[in-house]
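Trainee: Listed here are the chains, written in short residue letters.
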Amino acid sequence: MTVKDAMNVLGARVLVGEEHLDREVRSACGSDMMSDVLAFSKDHSILLTGLCNPQVIRTAEMLDIVCIIFVRGKKPDETILEMARERDLVVLETGHRMFSSCGMLYAAGLHGGAI
Amino acid sequence: MADVIALTYEISPDDFTRAGEASSDVKSKLKQVGVSPAAIRKVAIAMYEGEINMVIHAEGGKITVEISPTEIRMILADRGPGIPDIEQAMQAGWSTAPDEVRSLGFGAGMGLPNMKKYTDEMNIETTLGVGTTITMVVKI
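Chains L and A, in that order, are what the protein sequence lines are. All residue numbers for the first sequence refer to this note's numbering, where the first residue is 1 and numbers rise by one. All residue numbers for the second sequence refer to this note's numbering, where the first residue is 1001 and numbers rise by one.
Hints listed in this document are in silico derivations from the structure and should not be mistaken for laboratory results. Each hint should be verified, as a subset may be incorrect.
Each computed PhoX-like pair below joins lysine-lysine, with the alpha-carbon atoms no more than 20 Å apart [as the list claims (entries may be wrong)]:
(1) A/Lys1062 <-> L/Lys42
(2) A/Lys1029 <-> A/Lys1062
(3) A/Lys1042 <-> A/Lys1139
(4) A/Lys1139 <-> A/Lys1117
(5) A/Lys1031 <-> A/Lys1042
(6) L/Lys42 <-> A/Lys1117
(7) L/Lys42 <-> A/Lys1042
(8) A/Lys1042 <-> A/Lys1116
What follows is a list of derived Cβ distance ranges for each label pair [stated by the list, open to error]:
(9) A/Lys1062 <-> L/Asn8: 46 to 52 Å
(10) L/Met104 <-> A/Arg1079: 44 to 50 Å
(11) L/Arg97 <-> A/Lys1117: 29 to 35 Å
(12) A/Trp1094 <-> L/Gly103: 27 to 33 Å
(13) L/Met104 <-> A/Thr1135: 31 to 37 Å
Cβ-to-Cβ under 10 Å is the rule here; a few derived chain L residues that face chain A [said to hold, decoys possible]:
(14) Asp32
(15) Asp36
(16) Ala39
(17) Thr49
(18) Pro54
(19) Val56
(20) Thr59
(21) Asp64
Keep in mind the model is a prediction, meaning the values are calculated, not measured. Virtual Cβ for every residue (Gly too), placed ideally from N, Cα, C.
Just need the whole structure built from these sequences, with the hints factored in.
Mentor: This is the structure:
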């Protein structure tokens, strides 16, 4: 699916990267622990997280993650958003909880990738 | 034989929000010299975990990255407390990080296992009370 498809599934709002919504995503990873994300994330991934600090952007950068979705209505500050802009990331925000967000995307056909 | 490019970074312990800047810089330099995306990804993840460790556990240190035509060698040297039991530290999930670090998204006990997983060679030299030097190699 595309980032835009994921956005529609969650009724999410774009915070950064409106021009990149047609990018393809093949898997997703949901965690507040960045070390787990670094261990298990795949190519062309979405990262769902409730953690709101600059290390989320750096983790996404190291993994070439396509799109970060902040769940449970978490609002990243301008420093974080600016870091995302510099790295050409898409950042979305949804009020759904982590479990619901992952379930909705999974049901729509986005899986976690084989371990 | 082609030249080896050497990069050196001082890792500051003071500011967790800046941890990862060195890894970010290495990633963009590797891209510039045309290293494959797969190798860049491995180097970026391994070095980033190491850099975070240096900030969390060791009050900073120095990272040297040597890029040759056949491999990328990362040498992470700190003057931290040392690792009492390397075998235990290598177990996925084992962590001595305080709750404060966990609330920042790290300290899941995946750092050293991730570094090993994403590199072709990894060597740890550690002396209690003196420091730790970790050398990692990714073949290209």
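Trainee: Evaluate each hint against the coordinates.
Mentor: To see whether the hints hold, each was checked on the structure:
Proximity of A/Lys1062 to L/Lys42 is assessed by CA-CA distance (about 30 Å); at most 20 Å being required, the pair is judged violated. Between A/Lys1029 and A/Lys1062 the CA atoms are separated by roughly 18 Å; this keeps the pair inside 20 Å, and the hint holds. Taking the CA atoms of A/Lys1042 and A/Lys1139, the gap is about 10 Å. The hint holds against a cut of 20 Å. A threshold of 20 Å between alpha carbons decides the hint, and for A/Lys1139 with A/Lys1117 the separation of about 13 Å falls inside it, so the pair holds.
Simply put, A/Lys1031 and A/Lys1042 have alpha-carbon atoms about 13 Å apart, close enough for the 20 Å limit, and the pair holds. The hinted pair formed by L/Lys42 and A/Lys1117 meets the criterion: a straight-line CA distance of about 14 Å does not exceed 20 Å. Distance restraint check for L/Lys42 and A/Lys1042: the Cα-Cα separation of roughly 12 Å lies within the 20 Å cut-off, and the hinted pair is therefore satisfied. A threshold of 20 Å between alpha carbons decides the hint, and for A/Lys1042 with A/Lys1116 the separation of about 10 Å falls inside it, so the pair holds.
Between A/Lys1062 and L/Asn8 the beta carbon distance is about 48 Å. The supplied range of 46 to 52 Å therefore holds. A beta carbon spacing of about 48 Å between L/Met104 and A/Arg1079 agrees with the range 44 to 50 Å that was offered as a hint. One distance hint, 29 to 35 Å for the beta-carbon pair L/Arg97 and A/Lys1117, holds here, with the actual separation near 30 Å. Checked against the given bound of 27 to 33 Å, the beta carbons of A/Trp1094 and L/Gly103, roughly 31 Å apart, stay inside it.
At about 44 Å, the CB distance of L/Met104 to A/Thr1135 disagrees with the hint of 31 to 37 Å. The restraint placing L/Asp32 at the interface with chain A holds, with a minimum CB-CB distance near 6 Å, inside the 10 Å limit. Annotation: interface hint on L/Asp36 holds; nearest CB of chain A at approximately 6 Å, less than 10 Å. Hint status for L/Ala39: holds, given a least beta-carbon distance of 5 Å to chain A, under 10 Å.
Given hint, L/Thr49 at the interface with chain A, holds; its Cβ is 8 Å from that chain's nearest Cβ, closer than 10 Å. The interface hint given for L/Pro54 is met, as the beta carbon of that residue sits about 5 Å from the closest beta carbon of chain A, less than 10 Å. Because the beta carbon of L/Val56 sits about 7 Å from the nearest beta carbon in chain A, less than 10 Å, this interface hint is met. Given the 10 Å rule on beta carbons, the hint for L/Thr59 holds: about 8 Å separates it from the nearest Cβ of chain A.
A cut of 10 Å between beta carbons decides the hint on L/Asp64: the least distance to chain A is about 7 Å, and the hint holds.
Going down the numbered hints, you'll see the structure goes against 1, 13, while the others check out.
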